[in-house]
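S.K.: Single-letter residue listing:
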Amino acid sequence: MSAQLAAIFDPGFFTSQIVQVAATVSALAAVVCGTVGVFTVIRGQSFAGEALGDISTTGGSGAFLVGVGPLWGFGVAAVAAAAVMELIGIQRPRGRDLATGIVLGAGLGLAALFLYLDSVYHNTTGATVSIVFGSMFTIASSAIPAVIAFSAIAVCLVAALGRPLLLSSISPELAAARGIPVRLVGVAYLLALAIAIALAAFTIGTILSTALLVGPAAIALRLTRSPARAIAAAAAIGIAATWLSILLAYDSYDWYHQSGKYWPVSFFVVTLIFLGYLMAGLPRRLRRRREIAPDPARG
Amino acid sequence: MFSGFMIHAWTVATIVAVVAGLVGFFVVLRGSAFVAHAIPNGSFAGAAAASLVGINTLIGFGVFAFFGAFSISALGHRGRHDVATALTLVLMLGLGALFVTLSVEYTPEVYSLLFGEILGVSISQLIPTAGLAVVCVIAIALLYRPLMLSSLLPDVAEARGIATARIDLAFLAVVALATTMTVPVVGTLLIFSLMIGAPAAARSFTDKPLQALGLSVAIALAIVWAAIALSYQTNYPVGFFVGTVSAASYTVGRLWAAWTRHAGIRSPTGPRVGPKYT
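Read top to bottom, the protein sequences are chains B and W.
Anchor point for the first sequence: position 147 equals 146 in numbering that gives the first Met the number 0, and the numbering is continuous, going up by one each time.
Anchor point for the second sequence: position 92 equals 91 in numbering that gives the first Met the number 0, and the numbering is continuous, going up by one each time.
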């Protein structure tokens with residue numbers, strides 16, 4: 000029995016400090032992303048999340064340039080980008096798409112510049128990969144307090160917004176009719192989104208951060224209709240996906256031609272979440288097939 | 000600035016700008032900025048895969064771009080693409096991350112794939128790009144009327160018997176095609192900024208579709224030409240200038256629209272109407 004366990008959990012897995020730090024950070028990020036992500040999916044703002052994630056590349060590379068921790072770079076860039084998006088009109092659905100795209104384009108332009116400067120001044124090309132695709136096994140344990148603080152702010156923000164946020168996400172007109180300041184709620188929510196994205200970018204890399212934000216929430220909303228249950232489920236799915244990925248990545252050291260390289264954790268996170276999304280859609284699809292003829296709208 | 004290898008850069012930039020201006024016009028019209036971001040970005044994994052197994056990167060790009068387009072179309076339903084797009088994108092990017100890690104020699108190229116290397120274009124890259132560009136323009140010309148109708152008035156298009164779902168898929172395929180031809184030479188960022196920035200700016204200046212289409216191509220050309228010239232002068236990456244100049248042109252467009260609206264020349268929405276109707 001212990002031999003089989005040892006085959007699954009490589010020796011040293013539980014005692015490795017690197018793994019412990021990665022597990023802690025990813026669990027916090029998963030909880031925040033689950034909470035915020037459910038609203039992102041309900042509001043149809045996946046693109047905003049994706050754009051904020053990409054733009055935090057700008058922050059990460061800028062932070063590398065001036066020599067501060069990447070988390071701060073991610074956070075500042077995401078919050079600033081969210082503010083600009085809000086300014087140029089994120090309220091109307093179509094204009095929102097456009098505003099997001101414009102900010103994203105400009106942000107990536109800056110990222111190109113910063114990464115170029117990084118490679119000039121620091122004489123390294125590794126920054127691009129580690130910022131863009133994340134490197135969970137290199138997170139320093141000293142980053143944990145900042146991660147906890149960021150997480151607490153985001154979760155408290157969503158908790159404080161509570162029902163008005165839910166109502167204005169489902170039906171902005173109804174919320175406005177009830178006297179909820181929809182725009183203000185939207186701004187506060189965008190702030191929470193920016194923080195969640197910064198955490199996700201820190202965990203699985205800037206351009207993959209959407210996976211942690213949107214993926215577990217989308218799976219959860221396929222399984223349950225109740226928002227509270229969806230948040231809990233999304234957080235649990237996020238933690239399960241990241242922890243399993245850490246384990247797989249840790250084991251992957253000698254999978255490919257004995258290459259002696261860890262496969263990226265982010266790859267496993269993304270793949271597991273995508274598979275989960277497909278599987279979560281199966282019950283509904285099967286039920287629909289049994290009850291009625293194939294949906295003509297999908298033909 | 001106009002000698003030797005720079006000629007290739009100017010030529011390729013011109014081709015790319017024309018295609019981006021055309022395709023981007025419909026991207027903005029249909030509000031599918033996210034898809035236009037996801038397909039080029041995700042197909043980068045294809046290049047990484049191609050280099051891992053040792054085949055032409057253009058093939059890798061093509062396969063992943065079309066795979067992305069089809070799975071976005073298959074997973075999303077009733078025009079709601081956003082979650083499907085996000086998940087398809089990150090899956091492809093995740094694969095890209097894996098391939099990059101596994102192939103040792105590839106790492107420095109990640110930057111050039113993401114942010115483009117237009118100044119290093121060779122004649123062997125120029126020919127397939129030009130060929131695919133022609134295909135792209137022809138496809139847009141053939142799709143023009145149904146695409147325009149289903150973008151602006153989806154209900155009317157349905158009623159007229161246009162298969163909007165099929166048009167949607169065809170459009171995604173065109174985006175994938177445009178991606179395949181442009182990304183290997185200019186990077187995912189440049190193409191996205193052009194596809195969104197130029198048409199969005201163009202639409203602020205005019206409401207007539209054909210005029211906006213022409214203007215969109217013109218603005219895209221102006222952006223890339225300015226970006227190459229600036230990049231040549233300063234040595235900073237082309238992508239930086241394309242991104243910022245695109246955003247700046249959109250800002251100018253918005254200011255222009257606000258100013259004309261203020262002067263009472265145009266109604267805030269809908270077609271052009273005289274001051275007496277507003």
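Keep in mind that the hints are not guaranteed to be accurate.
[Claimed, not checked] Just the calculated beta-carbon pair ranges, DEER-fashion:
#, chain 1, residue 1, chain 2, residue 2, range
1, B, Thr23, W, Pro127, 45 to 53 Å
2, W, Ala257, B, His121, 37 to 45 Å
3, W, Leu141, B, Ala227, 24 to 32 Å
4, W, Leu51, B, Glu172, 24 to 32 Å
Honestly, the hints are just simulated from the structure, not real lab data.
All residues carry an ideal CB built from backbone N, CA and C; glycine is no exception.
S.K.: Tell me if the beta carbons of Leu141 of chain W and Ala227 of chain B are separated by a distance inside 24 to 32 Å.
M.R.: For Ala227 of chain B against Leu141 of chain W, whose Cβ atoms are near 50 Å apart, the range 24 to 32 Å is violated.
S.K.: Taking the CB of Thr23 of chain B and the CB of Pro127 of chain W, does the distance hold inside 45 to 53 Å?
M.R.: 49 Å, holds
S.K.: For the pair Ala257 of chain W and His121 of chain B, does the Cβ-Cβ distance stay inside 37 to 45 Å?
M.R.: 42 Å, holds
S.K.: Between Leu51 of chain W and Glu172 of chain B, does the beta-carbon spacing fit 24 to 32 Å?
M.R.: 51 Å, violated
Of the hints listed earlier, those the structure fails to meet are numbers 3, 4, in rising order.
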